[in-house]
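Chemist: As you go down the protein sequences, you meet chains H and U in turn.
Each residue of the first sequence is one higher than the last, beginning at 17 in our numbering.
Each residue of the second sequence is one higher than the last, beginning at 27 in our numbering.
It is worth saying that the hints were derived from the structure and are not from the lab.
Possibly wrong hints are sitting among the right ones.
Distance ranges between label pairs, derived from CB positions [as the list claims (entries may be wrong)]:
1) H:168 with U:303: 46 to 56 angstroms
2) U:263 with H:262: 44 to 54 angstroms
3) H:331 with U:354: 20 to 30 angstroms
4) U:133 with H:332: 24 to 34 angstroms
5) H:236 with U:79: 47 to 57 angstroms
6) H:280 with U:332: 27 to 37 angstroms
7) H:216 with U:231: 27 to 37 angstroms
8) U:86 with H:203: 27 to 37 angstroms
9) U:203 with H:203: 38 to 48 angstroms
10) H:40 with U:340: 45 to 55 angstroms
11) H:203 with U:231: 50 to 60 angstroms
In this text, all values refer to a predicted model and were calculated from it rather than measured experimentally.
For glycine and all other residues, C-beta sits at the position ideal for the given N, C-alpha and C.
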Amino acid sequence: MTPEPLERMRQMVRIRRFEERCAELYSQTKIRGFLHLYIGEEAVGVGVMGALTDDDQIVATYREHGHALARGVDAGALMAEMFGRSNGCARGRGGSMHIADVSRRFWGGFAIVGGGLPIAVGLALADKTLGRAGVTACFFGDGATEEGAYHEALNLASLWKLPVLFVCENNQYAMGTALSAHAADTELTHEPRAHGIVAERVDGMDVVAVEQAATRALEAIRRGDGPRFLEFMTYRFRAHSMYDADKYRDKTEIARWKARDPLALYAEYLLAEGLAARADLDAIDAAAMAEVDAAVAFAEQGGLEPIEDLTKDVYTHDVSARGAP
Amino acid sequence: MALPIAAAAPRTSLLQTREALRRAMSEEMRRDPTVFLMGEEVAYYDGAYKVSQGMLHEFGPERVIDTPIAENGFSGLAIGAAMAGLRPIVEFMTWNFSLVAFDQIINNAAKIYQMTAGAYHVPIVFRGPNGAAEALGSQHSMAFESIYAHFPGLKVVSVGTPKDAYGLLKSAIRDNDPVMFMESEMLYGMKGEVPDEEFLIPIGKADLKRDGTDCTLVTWNKQIHTCLAAAEQLEKEGISCQVLDLRTIRPLDEQALFDAVCKTHRMVVVQEGYTFAGVGAEIAARVTEACFDQLDAPILRITNKDLNQPYNPTLEKMVLPSVDRVKDAVKLVCSRGKGA
Ligand SMILES: Cc1ncc(C[n+]2csc(CCOP(=O)(O)OP(=O)(O)O)c2C)c(N)n1
Ligand SMILES: [Mg+2]
């Protein structure tokens, strides 16, 4: 299922442009609430998604626009959701932190840190029990590894040999707290190993390395070896959220990571290997901009869910309408 | 003894709620070396909502402590520390995250004093912003007064002005029982006069924020301001409302509620949090049980609608109490029953 080389670039650029636009739209108050951008971390989401199949499931956090886009959630439906419009993927009920798309088996938007981890293990249990082939890829941050739910989820998945790919996006910070200030052991592969899970640390700025590591891990999981754990070393180029003044990170540290911008690294690789010409990259960029423009236009023309629907979906009224995801 | 010509008015300062909270914590930490603050981002980041700004500088990292994102762990740890002689203040970045620590709060903080026949007490304050801010969706918008007030052993305070925030937080820190202290993101920047001289406000005492004769609005935290605005508008329409700020949910100031209903004979409770088994239901039951003959109309509740908070701005507003919903409820109770 290896995507063609330009596809990885296309996906990363789509995310970058989308997120940049979100930041602008936030200052125009078109997008409200908490907004967490994925800029700088694109290679992780794109590399892992590139190794997954349509049968697999994805669990992500509140920093999930990039994962949603790379998974094929429609950019218009995603943008409309952030506008709070009824043509959004959750009819405007969720917003930026709660993106989901059943058709893509995408369960984004766990906004309570660590909350998605046990859910991922359960999704995997369902697939296994129902004889479906899928693996569940569960994305979470370095900060989530301090929650009790994380440790419980690792043990459960390992004990029952469930098909889960744990994807730790180690961007070095949990909000304003550096990894060394929140973890006694900053080697995040140690804890999964203690639970009997094979774990590997990988360069998260190199989309090919990410994809290869994910492919290897997925092969093992699909063989029935139980869960695997990948720690991707990455960095967010922006603040934690739009509220964050980002005063806790050293300028030289930010510059050092920005020098390894995953988009620039991969573009260089494509050009050096002769896999793409400048014009190809320009065309990718133009297409991404056009897609984002179209997404914004789609969101703008959406209405607000009507007031009569306020009490909808608190309980399942029509059980028969709900098929298997 | 000669009296001064005019008694000097007590000096006050205009403080934001966050500054009033900070002043309360800092004074208590200066006064009692066993008091300390811990929570996510409280130290080096100066607090997610800047309540603890500068406190690390004054008190150092042993007393203003950043925690990992481990609410269950650090809440339990703080309860243990409280049992053994410290007086922790635990900040939840928001009360929504206290759910991760629910077991520790309910099974340990609330129960240890009685389970040990009074051998251990748990002098601890859990505090942070509570209720809906804006556009934060269903996992970040909950109000927890009724949840925590359900459990014997816990005290629940929920404040809506800088002065009350200051006076009640100081009492909470000095209290020997666990106090759940609820603030609001929306009120941290709100300013109000706070006397410069130190004072305490006792836990368990409601406060009349506005006097009136036709109907009592019972409320707390940021809905005080909804009620005051509604009362102002209703006054122009010829209906006089008083606004009773409970300030403490548990122990409930029953006397203040009974006195209010004996005066106005009509009551509306305005709260965030759900209708079902909410604080409003408890108030309605108690007032009805004790003062049935005084009531001219059933007690009504304006609460969050019983559904999860939508992000869509119009639906979000519909879910929450509003000036219009409060006014409609007041008009309804004033149109019903005897003397209407
Ligand atoms: C249980 C809980 N506690 C606190 C928060 C507030 N919060 C949101 S994101 C975050 C930092 C998470 O860091 P990390 O897991 O490293 O993910 P990143 O944001 O870096 O992607 C915190 C503390 C929350 N949402 N849930
Ligand atoms: Mg992180």
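Chemist: So which of those numbered hints doesn't the model satisfy?
Modeler: Hint check: 1, 6, 7 and 10 fail, others pass.
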